[in-house]
Each structure stands twice: as structure tokens, then as C-alpha cells.
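A.B. asks: Here is how the chains run, residue by residue.
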Amino acid sequence: MTVLTRRGRVGESATRVDGVPKVTGEYMYGSDLHAEHLLWGVTVRSPHASARICRIDVAGAARAAGVACVLTAADLPAARTFGLEFADQPVFADGVVRYSGEPVAVVAAETLEQAQLGADLVSVEYEPLPAVTDMEQALRPDAPLVHELGNVLRHVHIRHGDGADADAEVWVDGYYETAMQDQAALGPEGGLAVPAADGSVDLYVATQWLHVDRQQIALCLGLPEEMLRITLAGVGGAFGSREDIHMQIHACLLALRTGRPVKIVYGREESFHGHVHRHPSRSWIRYGAMRDGRIVAADVRLLLDGGAYASSSGPVLGNAATFAAGPYEVPNVLVEATVVYTNNPPCGAMRGFGAPQVCFAYESAMDELAAKLGFDPLELRLRNAVRTGSVLPTGQVLEGPAPVREVVERCRAVPVPPEEPREGRDAIAYPGGAGNVGRGEALKRGVGYAVGFKNVAYSEGFDDAAEATVTLRPSAEGPVAVIRTAAVDYGQGLYTVLAQIARTELDVDEVVFEPSSTDSGSAGSTSASRQTTMSGGAVLGACREIREALVGGQLEEAISRTFTYHHRPTTGLDEEGQGRPHVSFSFAAVRAVVEVDEELGLVRVVQLAAAQDAGRVINPQGAEGQVEGAAAMGLGLALTEEIQLADGAIRNASFTDYLIPTILDVPPIVSEFVEEPEPDAPYGVKGIGELATVAVTPAVVAALRAATGRALNRAPVRPDDLVGIEPSLRTSGRPPVPDVPGQRPIPEYHGLGLGQQQLMKARE
Amino acid sequence: MTITTTVNGVEHTVDVPPAASLLTLLRDELGLTGSKNACEQGECGSCSVWLDGELVCACLVAAVQADGRTVRTVEDLGGADRLHPVQEAFVAAGAVQCGFCTPGFVVAVADLLECDPHPSDDAIREALAGNLCRCTGYSKIVAAVHLAEGTAA
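Each protein sequence line maps, in turn, to chains A and B.
So in the working numbering the end of the first sequence lands on 764, straight run, no missing numbers.
So in the working numbering the end of the second sequence lands on 1153, straight run, no missing numbers.
What the hints contain is simulated information worked out from the structure, not anything from laboratory work.
Note that the Cβ used here is the ideal one computed from N, Cα and C, for glycine as well.
Here's a subset of chain A near chain B, in silico, CB distances under 7 Å, partners left out: (1) Tyr27; (2) Leu186; (3) Arg268; (4) Phe655; (5) Leu664.
Go ahead and model the full structure; you've got the sequences and the hints to work with.
C.D. replies: As C-alpha cells, this is what we get:
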């Protein structure tokens, strides 16, 4: 079987190291774990977005058949709150609830059914309170306070050149919204906590960063970190949704209290309540240009809804604000960007991390500007595109390659599929598929482009270093490389890439992975398009040290090296938003070809073409897979994906009502890679996992505008928008710029602990 | 209530709660966790199995409906040492990322190729419209079906 032996090196389409157990069903995900005599845990959640908890009565639940334990805030042994950046999120709601779906209690029982029945018997008396359910409402002086520290979670101010005061000959002024998107990883949250006789606990869980989980969990258990061992379970996708704690603390508390293994797995509905979402956004954006097409000013007011707790809202806003003027040379920029607390579900990391929201706004505005100037939209972009040496609005100089022209040219060169006959098609080839009652009478085709950019790795002074250990040992069949890393592969193919690096550097065929656990040092999060650079750099460094140790000698006994990779240092933003906040950048251009049934408001995406700046492609097949998957997610935000809220409560927490694209919705995707190596990155790599998500959404909406002539200013675009039942969104004007002490997240000024940053500082 | 069902060629007599689904029976009673629980309402196809040779979502079938019938799951298609051609094609084509949807897709594609050994792209998309994947964007899944064509029947 050739498939099992395609052990490629760097630059080759090596077969996934975990492919075989995944196709046979043997691969164990967090939800598949089992232990003898385990208890099942079920969470009790608040139905209210904002309420006071008057009374919790657990007596009925505790007496119910099979129930072993019920825990509430009254039972917490140590820290009562946790959080990635700031510990502002209660393990169990403590006196008040701040969002619908917030955990109030957890029940453990012999069977899942008994735990569910027990959870139903936990009696909670609430006094509903006024809720903040709109991000502009949050900034009004009379708004209720979600937290005592106020409703502003972070405000970023960036002023570059003359700000918004430039003398431009032509201005465009737009207002754009994006909805709350869900990561909707197919694998739900799940894990198993196993207590040990010495009072320690082992946690097996699907997550994105073992060490930051451990840091938060241990504080809430009141245990030193070494008494909590975390081992990675199979992760059925993540896309940001597993950066935050979900069931980990609850399962560990139950396990320690009962002395028995405890398994918690969320169902689909609970999964929607149990993880953070993509921030909904509102953008007010003005571009000023000269008649020759030179952009001279960008003026952006951005508002993000952070929901009830901080999660990673601070860095998401930092990204969004620093990208808000687009990948263009703009000499005068003013950005005022705010993320607010509301009583909506918490928002945090999702593929793109602040970049998709602003890309939708700046690319929509670029098309407006091109129309007003009478320019071809792509020519306007090329006229203004950044290049190596360009100065970004933060004052950061683009040091690495910035092949914007190249990605645009490569994208434009992909052949556009010929128009198909309007009549006589197979039913599924019409917008809306077999459910479409039309047969091509009202078809309109449109083509749209978008350019986007995104940073690689963590920003604003964060040293998210990655450690890996490589051991080279002799065996009868030749040398074997063993890689030990705490890095998480949640599907993107990281382990395969690391194996390719080890094969290349050590000239071996056989690479073995030890389980990822907190027994190794931190590899940082699998997010921010960073692991090929960071853990790739760590494996590369360890392999090269092994090679140096072997110079002139034979491999007689195992040789092991541990290497920690650091990216270039970055800085925070000063009071004018100036600094060197990002490590490096990559760029993408996307073209969407769509057909719209103008009478029914139905859409068929005919083709997506994505050209991406990848630095260096380690695994071509895997890289294509990343672009294709990211493109599908961007298509979802353009057309169907939206968490709908009513009074702060999610109305569509199921795959029946929250629509992720099916195989009938996603067209053929053509991916092209521009490879200009990033200086001092391993093999010159950049990140590839997020960019297509960023640029596909505005490209699809641009194509819909081209097809219909309608000014669509909200993603996702709904059928009602396309047929003109819903007019485009209007705004009553820019919200006020809040009065804040500085550029850092507000909880920091109030002394709330630094989550991830504390971990990284402790390593120094 | 007590039922007798044959799963992957092995007869089981088990006591199941009236409300339990076939998926719960497979995963929690019989330890066959290859069939995944991702949506619990027949939208995603991650729990696709054969019931008396017919492709079904195990989450939509009551466990008691399997009484006296035959169930075949992904575990019976092939193991690591003897992959089914569809499984082999999914690995070779790069159609696997997180892999959570993969067992369901593998079963659905094997079923498709039994009925239609050389499906068109449209036929593939129509047949797999009930299986959700969040990672791949589906392009490499279509490629995997073509790779497995002709060898899978």
C-alpha cells in the first residue's frame, strides 16, 4: 500500500501521520474517552442573559438516582474565576449571571441520563436584571454595567501622519457589519479527569494550549501546577473555540471531590453555549484619495461586541485595529477601535482573530472608492498596495516580503469558469439547489475580488516561545527520530509538518511522536497561524543541534536535544498607537464567482480562487487543504453563518438552524501559492491557516454586489437583502470614543491577573 | 428493554433504555466509538452506519429498532493493516484533517460507490450533502471519491 509509505520531506506532500487511525475510526477524540467506573458530568446553565441568583437548591438533585455530586460556586476550593487574559470569568456564576448559557452548577452521576435528570432537578431562583444586548448600547452613559469596571473592555487609538485631517480630493464613507460566527468544529468539547491517590489529577482533553489550560485550572483547584497533568486527547477541530476553558475545571473539581474519573462531553446545543464565538463588528470607515488613485487617508471607527467576559478580546481588538486601514500605504490614518462588554455570549478567538471583520469593511470601502474614482478595483488596490519597506499605520516597517502584487496577479490569472447555459441544468446546479423553484429565469452572475492580510504568531510584546525535544536513536531498521512536543495538532497537519522537518534535517524515514502533555515545556497555542513557524522552528533547532553533535561520529546511542524557538521581539502600542506590534505578515487575494437568483435571493458560488503568500510551502497537499477549509469558513460568514440572539440568548444552537456550508455550497477552490521566504523564519515559512477566511467573505459579497447592483453592507448576506426586502443597514452615526486610561485592556488597569502573559513571563 | 442485534458480524443481547439511540448503543454500550456524535439530529452524517445494508444516521435510529437486525459500522470496513480502498483514498488524497467527520464520510462514500461505481462530481456532491465537514472545504473529499472509484465496489 503506497499510501502508508509516503514519508515526504520538506516541500513534498507527505501523508498525514495520523491519517490511518482517523479513517478507521480508531483515533480517540475527547468525546471517545473511557475509564472504568467513570461518572458523567452535566452542566446547569443560566437561561437569563443578566440576572441575580437569589437561591440555588441542590437537595433534589443530590437525592436523585445515581447522582454522586452536585457543585456550585459555594463549593469552590480556591480561585473562583479564570480567563485567558484576565481572570474575570466565574467557574460557576457567583451571585449574578452575565450571559445566557453561563454555568451555574454541575452534576455528576453514574450514567449520562441520570446526570441530565439530576441537572434538571437543580433549582435556581433568578431575579432578571436589565441586560446590555447591543454593543452601541454598552457605550451609552445610562447603560447597565456588565462588570463593575465598566463596559469598555479595551480601546485602541492609532494616529499616523495627520490622522483623518488629510486633504483628499475624493472621500468614500461606509458603514459595515459582520455577524457573530461560530467555529462549529465537528468534534464537541470533551474530556476525562482521573483523580490519583495522592490528590493530584490527570486530565485528558481536546484543547489548543495545554499549559495555559493547566495554569488556569490549577489555580481554581487550589493545586500546584505539578499536581495537574494534562494529556492531549484527539481534537475534532477547534478554530479558536478551544483556546478558552470549557469543561476542564468542572471535570477536575468533580473528580477530586468524588475520587472517581469524570467525563464531560457537550452535545451540539451545549457546545454553542460552551465556547466563545467570533466578535460581531460594526465599522464606520472613510477612505480619502486623490483623483489619480492615491489613497491619502483612512479614518476608521470600529466596535466589537466582546460579550460577557474578556477571553482574548484584547488581542483580537489589537489585531483588528492595526489592520483596519488594509494592506495599503496610507500616509494619514486615524483608528478608534473599541471592544465592549455586553450580556451577549462571550467572544474570543476564531480563525482570522480580528482580521476578517475589518477586511470586510476596508475591502468593501475599496470597491466603493474604485467606483467613485472610475478605477478598476484591482488596479486601485495595486496602486496602493504595501510592499517591503512600507510603513504601516502603527509606524511598523514591513521588513519581510509583501508580495501583494504577486498574489493579485496569480489570483487574476486563474481562468474564470465559462458561463453555463441558464436552462436545462441539473437541479442542483441552480442557486439554492434542488429546492429552487426557478429554472434559470432570473440568474445573474457576478465576480468580486478582495485582498487581505494577517499577522503570524502573537503580538504586542508577547513572547510565545515554543519548546520541542527531538531524540535520534539507532534501531535495527535504521535511525528513528522521536519528537516530543506539547503542541496541539487539531487537524491542520502540524505533526506531519514536524515529521517532514525531522526527516529532512536528520535524513531519517521513521518519525515517532510521543503523546502531547504538560510533561514537556510549553509549545504555545495552536492558533495565530504560528505553529509551523514556532514548533517547526523548535524541531528544526533541535535537529540541527543533534546533527552538530554527530559531526564526524556514528549514531551509537540515542541522542536528545531540547530547543526553544522565539520569534522576533515585538512591542506594545504607545499612546498614539505606534510601535512594532507584529512579527510578520502574509497576504492573500481571493476572487469569487457567484450566481444569484434575483427573484428568490438564492446564491450559488461557482468558483473561489485564492492566491496566498506562504513564504515557503512545507506540504503542498496540506497547504491546499488549509486554504480550501479556510475559504469554506469565509464563505459561511458571507452567506449563511450567524449566531442569532434574542435578548442575549442564542436562538439557533444546532446544525439544523446554524448553517455551516455543505458540500453543495462549497464550489471548487483553486489555490495558488507565492513563495518568497520570510527572513529568519524556519525555511522561510509564513502562516497559512487563516488568510483565506479573511479575504473570502468580502470577495463573495463583492461578487454579490456585482451581480445584483445592491449595496450590501452586512455579512452574512441574506436572501431578503438580495431581493431588496431588507434595505441596507443604516447607522445613526459613529458611537463616542470612550475615555480610557490607555491602550491596554481595561481589566489590566484594575489589577486583574495576566493569564497567558503571566505564563510566558514565568518562563523567562 | 432487551434486544438482540448483530453488529459487525457479532450478535449482542443488550438491555437498552427506551430512549437510547443506536449511536448511544454503539458508542457507550459496545465501545464502538468510530461512529461520531456531532449534531444529534441527523444533520452532519458523522454517525453514518448501515442498518440491514441501508445507510442511516445512527443518532436518528432508536436502539430498539436494531432488534433482530444487522448493523455495520466503520470498524468493519477495514483496519490499519487492511484499509478499505475508500479509507486508503481519503488518506492519500488529503481528505482528512481533524478527522471527526471522516468515519461518517468513509461509510457514506463506500455506500455511494457500491451503488454508483463511477459517480460524476454532481452525483458525489448530491450523495454527500448529508455529511458535514468543517476542515477541508470538501475539495479533497471529492478527489478522494474519484481516487477510490472502481476499486471500492
